[in-house]
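Taken in order, these protein sequences are the chains called F and H.
Everything in the first sequence is counted per my numbering, starting at 510 for the first residue and increasing by one.
Everything in the second sequence is counted per my numbering, starting at 510 for the first residue and increasing by one.
Please keep in mind that the hints were generated in silico from the structure rather than gathered at the bench.
There may be inaccurate statements among the hints.
Any copy, or any two copies together, can satisfy a pair, since identical chains are not distinguished.
With a straight-line Cα cutoff of 25 Å, these simulated DMTMM-like cross-link-like pairs (lysine to aspartate or glutamate) come out [unchecked claim]:
#1 Lys535 with Asp826
#2 Lys731 with Glu798
#3 Lys557 with Glu665
#4 Lys745 with Glu555
#5 Lys518 with Asp554
#6 Lys731 with Asp562
#7 Lys745 with Glu691
#8 Lys877 with Glu827
#9 Lys557 with Glu569
#10 Lys852 with Glu780
#11 Lys731 with Glu591
#12 Lys775 with Glu798
#13 Lys822 with Glu637
#14 Lys822 with Glu784
#15 Lys822 with Asp693
#16 Lys852 with Glu555
Note that the coordinates shown come from a computational prediction; the quantities given were computed from them, not determined experimentally.
Number of protein chains: 2
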Amino acid sequence: MNSTFNPPKRVLMGPGPSDVHPNVLKAMSAPLIGHLDPQFIQLMDEVKVMVQDTFRTTNELTFVVSAPGSAGMETCLVNLLEPGDECIICINGVFGSRMVTIAERCGATVHAIHTVWGEVTSIAQVKEVLAVCPNPKLLAIVHAETSTGVLQPLQEISDIIHDAGGLLVVDAVTSWCGVPLEVDQWGIDAIYSGTQKNLSAPPGLSPVSFSPRAVAVLENRKTVVQSWFLDLNLVKNYWAGTKRAYHHTAPISSIYALHEALCLVKAEGLENRWERHQAVHLYLQVALENLGFSYLVQPQYRLPNLNAVKLPKLVTDEAQLRSQLLQNYNIEVGGGLGDFEGKIWRIGLMGESCTRLHVNQLIGALQKILY
Amino acid sequence: MNSTFNPPKRVLMGPGPSDVHPNVLKAMSAPLIGHLDPQFIQLMDEVKVMVQDTFRTTNELTFVVSAPGSAGMETCLVNLLEPGDECIICINGVFGSRMVTIAERCGATVHAIHTVWGEVTSIAQVKEVLAVCPNPKLLAIVHAETSTGVLQPLQEISDIIHDAGGLLVVDAVTSWCGVPLEVDQWGIDAIYSGTQKNLSAPPGLSPVSFSPRAVAVLENRKTVVQSWFLDLNLVKNYWAGTKRAYHHTAPISSIYALHEALCLVKAEGLENRWERHQAVHLYLQVALENLGFSYLVQPQYRLPNLNAVKLPKLVTDEAQLRSQLLQNYNIEVGGGLGDFEGKIWRIGLMGESCTRLHVNQLIGALQKILY
Numbered sequence: 510m511n512s513t514f515n516p517p518k519r520v521l522m523g524p525g526p527s528d529v530h531p532n533v534l535k536a537m538s539a540p541l542i543g544h545l546d547p548q549f550i551q552l553m554d555e556v557k558v559m560v561q562d563t564f565r566t567t568n569e570l571t572f573v574v575s576a577p578g579s580a581g582m583e584t585c586l587v588n589l590l591e592p593g594d595e596c597i598i599c600i601n602g603v604f605g606s607r608m609v610t611i612a613e614r615c616g617a618t619v620h621a622i623h624t625v626w627g628e629v630t631s632i633a634q635v636k637e638v639l640a641v642c643p644n645p646k647l648l649a650i651v652h653a654e655t656s657t658g659v660l661q662p663l664q665e666i667s668d669i670i671h672d673a674g675g676l677l678v679v680d681a682v683t684s685w686c687g688v689p690l691e692v693d694q695w696g697i698d699a700i701y702s703g704t705q706k707n708l709s710a711p712p713g714l715s716p717v718s719f720s721p722r723a724v725a726v727l728e729n730r731k732t733v734v735q736s737w738f739l740d741l742n743l744v745k746n747y748w749a750g751t752k753r754a755y756h757h758t759a760p761i762s763s764i765y766a767l768h769e770a771l772c773l774v775k776a777e778g779l780e781n782r783w784e785r786h787q788a789v790h791l792y793l794q795v796a797l798e799n800l801g802f803s804y805l806v807q808p809q810y811r812l813p814n815l816n817a818v819k820l821p822k823l824v825t826d827e828a829q830l831r832s833q834l835l836q837n838y839n840i841e842v843g844g845g846l847g848d849f850e851g852k853i854w855r856i857g858l859m860g861e862s863c864t865r866l867h868v869n870q871l872i873g874a875l876q877k878i879l880y
Numbered sequence: 510m511n512s513t514f515n516p517p518k519r520v521l522m523g524p525g526p527s528d529v530h531p532n533v534l535k536a537m538s539a540p541l542i543g544h545l546d547p548q549f550i551q552l553m554d555e556v557k558v559m560v561q562d563t564f565r566t567t568n569e570l571t572f573v574v575s576a577p578g579s580a581g582m583e584t585c586l587v588n589l590l591e592p593g594d595e596c597i598i599c600i601n602g603v604f605g606s607r608m609v610t611i612a613e614r615c616g617a618t619v620h621a622i623h624t625v626w627g628e629v630t631s632i633a634q635v636k637e638v639l640a641v642c643p644n645p646k647l648l649a650i651v652h653a654e655t656s657t658g659v660l661q662p663l664q665e666i667s668d669i670i671h672d673a674g675g676l677l678v679v680d681a682v683t684s685w686c687g688v689p690l691e692v693d694q695w696g697i698d699a700i701y702s703g704t705q706k707n708l709s710a711p712p713g714l715s716p717v718s719f720s721p722r723a724v725a726v727l728e729n730r731k732t733v734v735q736s737w738f739l740d741l742n743l744v745k746n747y748w749a750g751t752k753r754a755y756h757h758t759a760p761i762s763s764i765y766a767l768h769e770a771l772c773l774v775k776a777e778g779l780e781n782r783w784e785r786h787q788a789v790h791l792y793l794q795v796a797l798e799n800l801g802f803s804y805l806v807q808p809q810y811r812l813p814n815l816n817a818v819k820l821p822k823l824v825t826d827e828a829q830l831r832s833q834l835l836q837n838y839n840i841e842v843g844g845g846l847g848d849f850e851g852k853i854w855r856i857g858l859m860g861e862s863c864t865r866l867h868v869n870q871l872i873g874a875l876q877k878i879l880y
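Next comes chain F alone, as it looks inside the complex:
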């Protein structure tokens, strides 16, 4: 031990991280510059614009939290919720439940909408809860549930929560840069994502954005934000403002990687990227069904980036099969989380891992092992 680590060459088709483009890896090997260096500040500005573009927003308060997606989730909730607030949180998988835990730690009262895992939250369910809680501070919902592979329609829920005077908070960790996502058009007030999914940058950063409505809520808080590290009043002066106020030291190399990965999205074209994910998903679907796998989620709500599938009957030990794939073929796929542990697989087609070559590698290996 304690000598240079030489990682095996894996094919990453799990729930993230996804394969990272060589240019992005190379970007991280560039020498560091200071986090207050004029050239680094310019880089932060460029990153901000590209995050705005990929979120499809003009929100001024758009930046990158210096920690993984979970910290982005916490950033959104601790800044918008105060003790005594009421909020609605939709749960149809692991990440909805996590939002409840965080909201409760903010001292908020949570009205939870529970949906069977693998299904979407319905308009009827939202209306039902609004009857009990007519003036929620916000409604939080997961756009793409990484634990179940469900893609949640947002437009109608957005209209309803706004009519009730609340904010719409969206988890876009597994949707950003992989499926259509329109922050401004859909009226999303606070959104967070992660870098290691459809963007195919290394994990560790969380892009976030807040609408003017959300900023107004933030500015009218009666209490101080419970987290210093995630307090937007402080962080926003580091990412913007006329004078960059030192808050913490930005993760320089990770920002290099994020910048390069965003440049690759720009070069491909965001809409082309969405289409690629959908096309490769359909290509995988046919092949998987031929092998006896079946999809958990109804076709119209299937997330192309994360394929949640039940295994063929002949597979009695899914963990052992995943281990074989990893050890003998260097292919990583994800197992089920929570309720679905041991019951489903989660096959990621994200960013650089979303190619027909990846699908062929996986299907070839499965054919060899199973038949």
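Since the structure of chain F is already known, use the hints to place chain H on it.
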């Protein structure tokens, strides 16, 4: 804009980040593997052992927070403090003040010990506050104040706070891997650091360690930790435990870099590294004094890694001089923070930036500009 970023080749002699060794940069350009891959879990184990070794501790609860040093600070305080607790915090620079802000956000009552910036907290001051607050939950203090260049002796304060039944919490962001630091021998109960100072890895991670006494306090909390992302009860099951419980996605590439940087410390020898920092500091000191700079801090409390110096009288605009160094010589040094803005420079000699060649580059440039 929006094309590959090619950073200039800077010589980093500010308060961090420091220059990063080519092997560490190379480590980051390795392809990613999954964060639950058996090989990644083994890597985390190796990192944990090397963090224990460099902290000089056998603390079982030793791991790396997936966010910068400021989040490490918040991790220590939010886990150990509860609403209504009393604590003592020593302030002789920016980072002591930051701890107060965080402790207050935990609902704790803070008894602050204010010391003139550039001086150390004395035993007499600690005893004075203990007379008013005889049973503090903890005393928090900065070992190496990055804003003033002061190295704080800890052993005697440790004895006093333990006699009072409290924990000792230490900020070791700028001392770890650069000056003698003995977590077990000195009785430190909670410690956090950063990777971008004397370790010379990129910023973005915070190694932390908790003594059995601190773990007992954690286990006897009456309230839930206000941060989900930083809650040790959850994070510790990700970094250890018989079954790695998914909490968040670890920043894979940053952990590669951390591992490689720790291997370099091991190859050099921790004590040799401490001696190198002291020797190069003395080499710089002679050269700076010859140029008319004078040290802010008394010799016995000078932090070798961060040289806080007043400028020669002939310099009327320190910011302009720093800008000249950066633009014309690619050398970064730090300006003053807070009370010392515009009044001092902070010259870092940290890790890979702590060589006589670095000193010669800086001194040569200053001679050229000033004389």
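Tested hints:
With identical chains, the CA atoms of lysine 535 and aspartate 826 are never at most 25 Å apart, being 39 Å at best within one copy and 39 Å at best between copies. In this assembly of identical chains, the alpha carbons of lysine 731 and glutamate 798 never lie at most 25 Å apart, being 54 Å within a copy and 51 Å across copies at closest. Neither within a single protomer nor between protomers do lysine 557 and glutamate 665 lie at most 25 Å apart by alpha-carbon distance, with minima of 28 Å and 48 Å respectively. Taking identical chains as interchangeable, the C-alpha atoms of lysine 745 and glutamate 555 lie at most 25 Å apart only when both belong to the same chain, with a minimum of 16 Å there against 36 Å between chains.
In the homo-oligomer, the alpha carbons of lysine 518 and aspartate 554 lie at most 25 Å apart only across protomers (20 Å), although the nearest pairing inside one protomer, at 34 Å, exceeds that limit. In the homo-oligomer, the alpha carbons of lysine 731 and aspartate 562 never lie at most 25 Å apart, since the shortest distance is 33 Å inside one protomer and 45 Å across protomers. For the homomeric pair lysine 745 and glutamate 691, the shortest alpha-carbon distance inside one copy (23 Å) is at most 25 Å, but the shortest distance between copies (37 Å) is not. In this assembly of identical chains, lysine 877 and glutamate 827 lie within 25 Å of each other by CA distance solely inside one copy; the values are 16 Å within and 69 Å between copies.
For the homomeric pair lysine 557 and glutamate 569, the shortest alpha-carbon distance inside one copy (9 Å) is at most 25 Å, but the shortest distance between copies (40 Å) is not. Taking identical chains as interchangeable, the C-alpha atoms of lysine 852 and glutamate 780 are never at most 25 Å apart, the minima being 34 Å within one chain and 52 Å between chains. In this assembly of identical chains, lysine 731 and glutamate 591 lie within 25 Å of each other by CA distance both inside one copy and across copies; the values are 8 Å within and 21 Å between. In this assembly of identical chains, lysine 775 and glutamate 798 lie within 25 Å of each other by CA distance neither inside one copy nor across copies; the values are 33 Å within and 52 Å between.
In the homo-oligomer, the alpha carbons of lysine 822 and glutamate 637 never lie at most 25 Å apart, since the shortest distance is 39 Å inside one protomer and 73 Å across protomers. Taking identical chains as interchangeable, the C-alpha atoms of lysine 822 and glutamate 784 are never at most 25 Å apart, the minima being 32 Å within one chain and 64 Å between chains. For the homomeric pair lysine 822 and aspartate 693, neither the shortest alpha-carbon distance inside one copy (45 Å) nor that between copies (55 Å) is at most 25 Å. Proximity of lysine 852 and glutamate 555 under a CA criterion of 25 Å is satisfied in neither setting, with 43 Å inside one chain copy and 32 Å between copies.
Of the numbered hints listed earlier, those contradicted by the structure are 1, 2, 3, 6, 10, 12, 13, 14, 15, 16.
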